[in-house]
Every structure is written in structure tokens, then in C-alpha cells.
Amino acid sequence: MKFKAFLTESGVSLLERRFLPALDKMGKICHLFFTKDHIHFLYNLLSGDGFQTIAQFHKETLFDDYRISSQNEDRIAFAIDISLLHRAVRSSVSICSEFGAGGSTASRLQIKLVKKLPPNSTQPMPFLTFETQGYKSAVIQDIPISKPLSRAEVLELQTALDMAQDLPETLVQVPDLNQLQNFIDRMKHVGDLLNVSISKYGDLHTQIATTLIKLGAEFRKLLVIGEKATAPSEDQNLSAQTRSERAVLRGDAQSVQVSIKHFSKSLQCHLAKPDCAFYGIAPQGACLTVIFQFFIPGTRQTDKSISLHCRLPVLDPGS
Amino acid sequence: MMSSSATDAETPDLVCRLDNVQGMVDALSAVRWKRHQDAVIELSEHGIVLIVEESGCLQAKVYLQSELFISYEYAAQGRPRFGVSLGLLVDCLNAFSAPGHSSLIEIRYPGPDMQLLLKSVDSPDACIYAEVRTRIPEMISWDYNFQPAGSTPLTFTVKSAALKEAIDDLEWPGSSIQIKLQPDPPSVTFKGEGHGDLQIDMLYYVSTDLLIAFHCDREVSYRYKYKFLRATTSNIPSSVIKDNRGSKLTIGRGGMLKVQHLVSVARTSNQHPHVESAGYQQPSRIAYIEFYVKPEIDEDNVND
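Protein sequences appear in the order of chains X and B.
Under this note's numbering, think of the first position of the first sequence as 225, with each following residue one higher.
Under this note's numbering, think of the first position of the second sequence as 10, with each following residue one higher.
Chain X extracted, bound-state conformation (with noise of 0.2 Å):
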């Protein structure tokens, strides 16, 4: 099993300012899998509940001269503390400056799986090690990562995410992240689970309802991506809890509850500074799925190398 690469400056940059402060997020232990030609960061996919994330990316987003090799198909992957990453591919762009400042050849990152014995310990354990190459000198940094999961654990592995890429029949665009943030976070106090319903007029409607109070934003005329309809004029003034309520009796609309903590978590994925954010309803209401999209830089033309999804699970089935 081996795996050698070297992280391009993009790579690096696309990492350390947008989706490694993202996934910190996400949760504490990731896994990191790496195939022929993708790398993914994922969230909760082999325990197969709880709030799932997915971020891939083509092997030349990141790295140039990718050499991985294993007896599974070429693919290796294993657990990782994410902040653990961050911080070492911090100081690796830190290290990287203060010697690329010097001048002469520009410096690499090179990543690779090792096994080395740690201090005090007769057992080798596995890292992932960093290693900067100044101009004279070279910084390794190893960071301690689980051993690489089984055959069995990779194939559980990729069946999870082959699952976790099918899409909503109807997906709304949020139409301003920040402002949806704020918004959730604020009601973060008043209760804790969120009933979302989604429709295909695009309608984005989010609710909070406790014994003592109704809180809700509701958001219309939203880019619809999938099945569309058009919202029936009878409908529009009413308040937007019977509007939605309707909408699903019709079947145009489907909601459900998911917990507020989890949809806070999901809007953390801004810090990616995704271009935009779909929310949308899996068939069923099998969880609530929020996609991102990359666009490819001075364009309006998604950036199919990247991906980033959330799916929320979903507390109750709902309507």
C-alpha cells in the first residue's frame, strides 16, 4: 500500500482557506479516502446515520505526480482528525512563505502515507506525513491516522457514498447564505428542531414550533433545479404555514424535520465560499440534502472537480 503525492499551490490554497476551515466544522474524525482519481473527505458514512458530509475532489484539483497503489483497486483510506490536517497544512504554507521568500526553486508539499515507530512505542503506527522542502533544510510533519480500514471497511465505504449521491427530485437554491445563517443561529434559541419544507415552486420554507411560540422564515421564488410546478395564484396570500401545508397536500412540497444544530452545522459550509447552496428533500424524506457548487473561477460554469454535500438526517419522516 502505498501513497505519494505532491499538493499544487491551488491544492494547498483551495485547502487551507476554504475546506479544511469548513470540515473543521463538520466534526473531529474524518476519513480520508483516496481512489485512481478522486480524494474525499467523509463524515459519518460508515455508521450510517447522523449528519453525513461529502467532499471530493479530482486528484488535479490538488496534487500533481498522484501515485497511489494498493491491493484493493488502488484505493486506501483511513481516519484522521481534521484539525489535526489543518493545523499541518498551516504551517506548511507558513514554512513554505518564509522559505519561498528566500528565492532559488520553489518549494513543494509533499504528502505520503508512513509507518514509523513513535517515540516509547515498539509498534509501528501509521501517519500521514507532510513534508516541506526549503532550500536547505526539510520540515516533516506526521500526523497520526487510524490504521488503513480494511477491504471489507473500503467497499462499505464506497457503497455508502455510491448511496449518498443520489439527488432530490427538487432542489431550491438558497438565495443568501450568510443572511440564512444568521437567521438559524438566532433561532437556535428559542427551540431545537427545524421543520423544513421545500416545494416545487420554490418555496423554501423553515420552522420552528414549540408549545409557546411559532418561528419560521419562509422564502419564495427561488431557482427550482429538478421538478418544477407553478405556484397556484389562490395561494399566494396566504400566511406561509398554510401555503406549505397545502403545497405538500398537493404533493408539490415535501417537509420535514431535522434538527436545528444540524442545519446550523451545514450552513457552516459557507466558509468554503461555495458559489451557491441547494436544499433539497431526498424521495421519501429520507434526509434533507444541502449541495454546494464550485464555480470554475471567472466563469458561471460549475466546477465539476469539486463537490461538497451535506445530508441531514431526518428526525421525523414528516409528510
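By construction, these hints were calculated from the structure, which means they are not laboratory data.
Among these hints, one or two may not hold up.
Claimed, not checked - To give a feel for the contact side, a few chain X residues facing chain B, derived at Cβ under 8 Å:
hint, residue
1, N296
2, E297
3, M411
4, K438
5, R444
6, K445
All of these numbers come straight from a predicted model, not from anything done at the bench.
We treat Cβ as the ideally placed atom computed from N, Cα and C, and that holds for glycine.
For this one, chain X is given, so just place chain B on it according to the hints.
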């Protein structure tokens, strides 16, 4: 105008619109001294009054006069009163105030189920709404009937920031704080005795920018429970300190202490720190906050 289906049949007691939610949040937060507090709201043609009370010894009122609102349509007979959870109301209002956005909200009472209804009305395609359940007020408001102590009032006005600082400092000596006013030399003394002694003297002529006004023709002194004094300044909005405002304290008959703060509810459309600062806001854009604190009963007097 938007219409809300169920309430159309009857004219609600109150429909009003406000363009500065943050100001209202500030004003209501000022009387929030603990997590769970029941409040009573009273509506009238003059505005909205919110009352909170504790242990029969402390009462606070927030006056949101009708002039604070962009529109204020009052149609009730008598003065409707209802109970709400203060914490919930503040948290809920907070959801309407996003930084960088001046949000326009409509407040309506009662809803079809006697709720207090709130909704944002500035954008047709994005709406925030809330329905806050109200209660029949159980609290029999003990009458804090505040009367002047004599022919001349016993009162002083102190910079709100200095008052808060003094009361915060008195936390250490603890439970019971004496407030003494004396005409010669004109001064106010806060004195705490407990785990230690701490005395804070504010002299009128020495520091006129600390004590802004002072009226006292005879020496008076009363003791107040520290926790109640603290409640009067613990949540004073930062805008009050920033605007460099003063708080007015008056001692009435029997030693009842009245503390008054002014909170700006002016629209903060320009977020520049230098604003046309202190005091230039129209007086109509001020919310009045009053606390009434009963003195501790002097043991000597009880024994008499």
C-alpha cells in the same frame, strides 16, 4: 398591504410597525436579569408597556411609546393586558434583526388564538414570522405607587456607564448596599458591607461629568439588596453606554428607589461609529426604562 387570513374578520387591538428591531431588543433586554422571566404587556393608545417583577421587591417597566413606531393603529376598548415569556420574546425579536439589514416588522395583537404576531414586511419574497403564545396575566401587580419623599425631590443623575461600573464593583462586598444622599457637601455614597467594605463616593461639584444633576435638601440613607440593584444595570444596552447617556435615580417615600434609563430606538441606517452622536436623536425615538427597588427594612425600625 398583506392580509393574514384569520384575523381579517375583526379589527385587532393593535397593529404597529417598527423599523428598528434592534432598539426594541435592547430596550427589552435591559430588564432581563435572569433566564426565565414572566412579563406582562399592557397596550394603550399611548404605546406598549412591558412590566416584569421579582419577589415583590423589584419591578421594571419598559415604555415603548407609540411615537417609536412608524405606524401605530390602536383599536381596543380598555387596556388589553397579557402575559408572555420575556426571554422568548427577546430571542424571537432577535431573529428579526439581522446585522446590516434594517428590518421592518409588523406587530399585531391578538392573533386567532390570542397570540402576539410578528412578521417582517420589507420583502415580499422572504418573510420571517412568529406567533408568540400569550397568557392571562397571573401576576397581580403589586402597586409600586411611587411618591416623592417630600416637597423637594431627592434625586441625582449619573452617567449610566459610571453607575453600572459602581454597582459591578460593589459585587465583592456583597449582599446589602447603602445609598446615602447628603446636601453638604452634595454627594452620593454607595456603601457595601459584607465580606469586606467598599465605599464609592460621587461628589457633585468635583465631578460634574460624573454626576450630571443633583437635588437633595436633607441627608437620607437606605439599604437595598445587592441583587436587586444589580438587576437595574446588569443588562444595560451597549448603545446607552456608547451614547454616553445618564441614568436618573430618585428616592421616594419610604425609601423606594426609582432608576430610569433612556434607550435609543432610532433607526440606525448608517452604521458609522462616529454618528452625529450623543443626544441628537429626536426625543420621540427613546424608550424609557424604569426600575423600582424597595429598600431593605431596617432591623432597628422593626424592633421599635
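*Hint by hint, which ones does this structure get wrong, listed from lowest number up?*
Violated: hints 1, 2.
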